[in-house]
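Peer 1: The task is to assemble the complex, starting from two chains supplied on their own in separate frames and drawing on the hints.
These are the residues of each chain, in order.
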Amino acid sequence: MSSVETAGAAPVFLLEGVTYRYPDGEIGVNNLDLSVGERERIVLLGANGSGKSTLLRILDGLIFPSDGLVHTFGQVLNEKSLSEEVFNYDFRRRVGFVFQNSETQLFSSTVWDEIAFGPLHMGMEEPEIRRRVSEVLELVGIEAIKDRPPFKLSGGEKKKVALAAVLATNPDVLLLDEPTAALDPRTERWLVDMLIQLGKFGKTIITATHHLDIVEEISDRVLIFGEDHRVAATGPPSELLSEKELLLHVNLIDPRFHKHSHGGDHRHYHIHD
Amino acid sequence: MSEPRCVPSWLQEKTPAVAAVPVRKRSLKGGFVEKTLHAIAEVMKNEVFSESLASRQGLLQGLDPRAKLVSVLFLIGTVGLFHHIFPLVLFNLWLFWLAKSSRVPLGVFTKRVWIVVPLFTGILVLPVLFNVVRPGTPLLVLFHLSRPLTLGYWTIPAEVAITRQGLAAAALLMLRVGASVSLAVLLTLTTRWNALIKALGALRIPAIFLSVFEMTYRYIFLLLSASSDMFLARRSRLVGRAGPREERRFVTSAMGSLWCKTAALSEEVHGAMISRGYAGTPRSMLRFKMKLSDWAWIILVIFTAILFIGGDRVLG
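Going line by line, the protein sequences match chains A and B.
Residues in the first sequence are numbered from 916 upward in steps of one, following this note's numbering.
Residues in the second sequence are numbered from 36 upward in steps of one, following this note's numbering.
Just so you know, the hints here were simulated from the structure itself, not pulled from any lab data.
Source: prediction; values computed, not measured.
Don't take each hint at face value.
Stretch by stretch, here's where chain A covers chain B in the computed footprint (C-beta under 8 Å, at least three residues) [unchecked claim]:
1) 141-147
2) 301-308
Quick partial rundown of chain B residues pointing at chain A, CB under 10 Å, derived from the structure [claimed, not checked]:
3) Ser90
4) Arg91
5) Thr223
6) Trp228
7) Ile232
8) Ser262
9) Ser319
10) Met320
Using N, Cα and C, we set each Cβ at its ideal position, and we do this for glycine too.
Here chain B stands alone, though its shape is the one from the complex (with noise of 0.2 Å):
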């Protein structure tokens, strides 16, 4: 080894400041790879936002996660038998009590439920509103055609309006589906989701699906991390802006090079799991122990649901 002999002079040279960018002038934001790493970014700061409040001392959070998966899939159940609309407002309200009792900001669980799910639902439900799908009592006429139309089998009525039924209809289906996302949501931002995998093989689910589950999401934030590094680290190197058809080469590099550093990586992950005694039979340890209050838990869940359902049942 020996010191480097020959520096070049340009290497030696001071680089002068530039009055102006000797490239096209726009401007640096909205790139791809800027967004790129904004959404990494985001996926990183959710993980710490959740992992936060899986920690904080809430109502959810005291419980065991068996406890907790358990009744949240009995309660999703119980969702589904619902008729009517008034018992099912009262028991989405009960369920930002569950939030609010857990200490998961309202805001938050709102954003999560109640703006994801009138988008997806919403447009799933919306042509049940006319009675141009579902006949029924008109509540808002829309317009009125000349006469009925008639395509095969599909009549289009003379006053095509939003229907009573449509409307019950729908709303109905979005409370369901609302309290079901509110009961995962709430599951899934006050348990840790490794301790929620392991409540999984309380459910006997094969320790094979959980393992695979676990290190999915362990190098999920691995990949994502070394994802991050090579968007920053070109973004460092590069003056100014590359072009679309620059930065398209890059990205299915960088997917190149991400897919070849999973695979040495996964050959690497499972040297080191031969190397501890893993013999291809994955074995989980539980180290979950159901208290007093966890049963009180399940006992007022069950109760809870009695009382919707039967409420739900003496209005017909």
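Just chain A, with the same shape it has in the complex (with noise of 0.2 Å):
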């Protein structure tokens, strides 16, 4: 990707050259050029390893490019932007970030604190927390589990807990982590008609995924990344799933998986042999 990718709408994130290398010099992203758009929903693609969650994490201004750029709401994204109150309390409260791993997520002793963590440390009111966790909890069907400890729930409980802690500081930007990994059908299928009303709603969202079933549904563009942690390709969805070449050339699919239509909009993929 030597130019940048520009959305429509005024750019939430603009990345320049943006390179991030780990502790131990090897490289996680490789000089990637992006615009995401406000509203815009796109899905990350790529074979393990490839530099999705890493992207992610530097989104979120949780690690930072060792070369290169990130603006985001009209400042430069770094250790020093982040250090300013102002800047720090507008961006997190702007971006909400569902990590792959539940676990690290769901750290308060219950449901309920788990969800009232990220508005009671963005200073809201008392009564405006409760509220808000009392509407989440309603949103996402899980009242039920509202008193008990995190570290007891189903996988799929606690995606939804994971996921409701970040609705509830209503974050205009989503960034999502493999968030149908290890769910089974039945609440995986809830997640994905979440981000679809979520979409609708005017967020943005950001998501990784290898579940190439749920792509063209959560997303307007698809970033595909190479095993050389670049980007290498990115496009509307249905045009780039059905370049099967590339879907191999970036290891992410076997020679034998293909695509069905069944009529509408419903395609799957899988192999045969």
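Peer 2: The structure is reproduced here in structure tokens:
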């Protein structure tokens, strides 16, 4: 990618020549240029270790590029800008991150406290926090488990709590790392429907996934990462997912992998012997 | 990506059943791994049991955790004021009544208090029983020496015996410790851990300590579950039984691996906290509300304490 990928609306994130190297010198993201527009729904596709999760962490300001710049909400996103109280508050309020491992994200002692954590640390008033928590519990359908400790929940419930905890701060941008990993088909469907709904409300949603079946439903644009940690291709999901050679080249699929269409919008991908 | 091309011939064969175990024939029970797995399962079981007790409908479960915490601390302070055995016995019986009213199984309660207390406190107070340590009226003479022995400042009397005063002092201490432990056991068995930590916040304990307690408790179970998985995975791959040296090697490498997992996890958790607005100062919200019954409980506790201590003073 040499040129900046520009979406139609004003960019929420603008990345210029971003490279991230781990402390041992290994490359995580390689010379990435990207523009993410407001209300855009983007899916990051790529083989394991291609840099999707690293990019999400950069976008959430948890790690910072070794080279290049990230612009967000009119500021450069780096350690210095995030040490400013006002920008930090504004950025954390507007960007929510759902981690791949729900265990990481669920650190409070009850589901209620977990959901209240974000609003509480953003300085909301107590009655407002109570109202939000109650509404988010209802939206996600987890009122019955509100007093339970998160470590005793099932994988699907943990994922719902993790999403509810992020939604409680009403972020404009949602970053999701492998949100459907290890979910049963019913919970996976629930999550996809929720992401579609959130997209309609104008949220910017960036999802890293391996799950090709859901890509067309939850994205307007796809970025495919190669094993060299560079963006190998970008474009509408229907176009890119039809390029079997490209998907083979980035080691995302097997040669026997192919797409089925059953009429309407539904397509799915699987292997035949 | 392509399918595996060359599957070795041995992998294509069916494993025959063995007629005899080709390793030393020893019991698979009792190894370190088994014991650790058992201990982890016990901790998990206890947690589930405590959780179920805390959610029962009982006297103490229905109280505001702050009222319960303050009243338990007050009663533990009161226990130290008893001078006589009889009122202390009555007080301990009252605690049994509290346990029963809170639907705590009396077997569990007795086991947690009256097996642990004699074991630990009993060892501490054992010397006080004998006139070798504390002179007094002999109750049971153990043996006679030809004459008193003097070792520096210490004199062993000719008649070594258990004394009345020693027995009374030991019983008083055991009953006091028993009452204090009973109160602590009742508090922890009838209160959810998270509610207890929040109640500590009402005593103005700094939020940072409460956060650390809360997260420690939360992640202990995650790490226990990770350790259990690690030990189970080893068991599933272990044919026969490893020797002690091999077991030690496994335990040290498991400790190292768990340590690395903990370090990685703490970084991830910190990232998740920052992502949701944490800026170095933990904040907490109390969701408790004092009811009329909580105030009534506090009055009852004060009244009970006055009654018992008053009775104790009447005895002298």
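Peer 1: Does each hint hold? Answer for all of them.
Peer 2: Right, here's what the structure says about each hint:
no.	hint	result
1	141-147	violated (count 0)
2	301-308	holds (count 5)
3	Ser90	9 Å, holds
4	Arg91	14 Å, violated
5	Thr223	15 Å, violated
6	Trp228	7 Å, holds
7	Ile232	7 Å, holds
8	Ser262	14 Å, violated
9	Ser319	8 Å, holds
10	Met320	6 Å, holds
Hints 1, 4, 5 and 8 from the earlier list are contradicted by this structure; the remaining hints agree with it.
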